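*Asks:* With chain A held as given, fit chain B onto it using these hints.
Residue numbers (our numbering), protein chains in the order written: chain A, 1 to 112; chain B, 1 to 111.
No lab work stands behind these hints: they were computed from the structure. All values derive from a computational prediction rather than experimental measurement. Cβ coordinates follow ideal geometry from the N, Cα and C atoms, glycine included.
The calculated label-pair distances, taken between Cβ atoms and stated as ranges, are:
hint: 1; chain 1: A; residue 1: 20; chain 2: B; residue 2: 17; range: 44 to 50 Å
hint: 2; chain 1: B; residue 1: 39; chain 2: A; residue 2: 56; range: 28 to 34 Å
hint: 3; chain 1: A; residue 1: 20; chain 2: B; residue 2: 41; range: 23 to 29 Å
hint: 4; chain 1: B; residue 1: 41; chain 2: A; residue 2: 41; range: 17 to 23 Å
hint: 5; chain 1: B; residue 1: 2; chain 2: A; residue 2: 57; range: 28 to 34 Å
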Amino acid sequence: QKEVEQDPGPLSVPEGAIVSLNCTYSNSAFQYFMWYRQYSRKGPELLMYTYSSGNKEDGRFTAQVDKSSKYISLFIRDSQPSDSATYLCAMSTTDSWGKLQFGAGTQVVVTP
Amino acid sequence: DAGVIQSPRHEVTEMGQEVTLRCKPISGHDYLFWYRQTMMQGLELLVYFNNKAVMDDSGMPKDRFSAKMPNASFSTLKIQPSEPRDSAVYFCASSSGGGYTFGSGTRLTVV
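Next up, chain A with everything else stripped away, as it sits in the complex (with noise of 0.2 Å):
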């Protein structure tokens, strides 16, 4: 089993929706929690950084972190179709900051 799980998708919700994208982890020693968005053929772009527990929001998006339950989630607001990308979760720790487990990446395809 890995160690971060994500579903790959591919999730399709129409324009202006709620866009909700979640990993499931099993290291209850993971601190550090990213959030990356992956265009085709494009290398992955940091979008949310948090650590520890706690929400986090910048423009459209917000990060949560339930270490309780090793949850995590991404959600983005009022979506539009330049949203379609993949969305990848990683984490990693105190310990091992430089080795981030990456999930498998949820493909978002928004419609106009």
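*Replies:* What follows is chain B alone, placed relative to chain A:
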């Protein structure tokens, strides 16, 4: 800043040949990472450096892969000899201790 710069963008080579991938990190970033991405395995960490020193290379097949960082602004990943199973997109990323910035990747095809 131009971001993380990788070259070449595409590489097609024959099995058994040597392949060298290059990376220029963002100036001031003291961490550099090499990842490989395939449909089956997703993103896998091969090796990472901190201040030019290898911190972890446990994900790298050391019989054929080697990574170097001779100075703070340049790193190479070499595969010798290359095999068809090495076909993937190779990403370089750099960081100053927070989130990572990825390059555009090198798409390697070994035939």
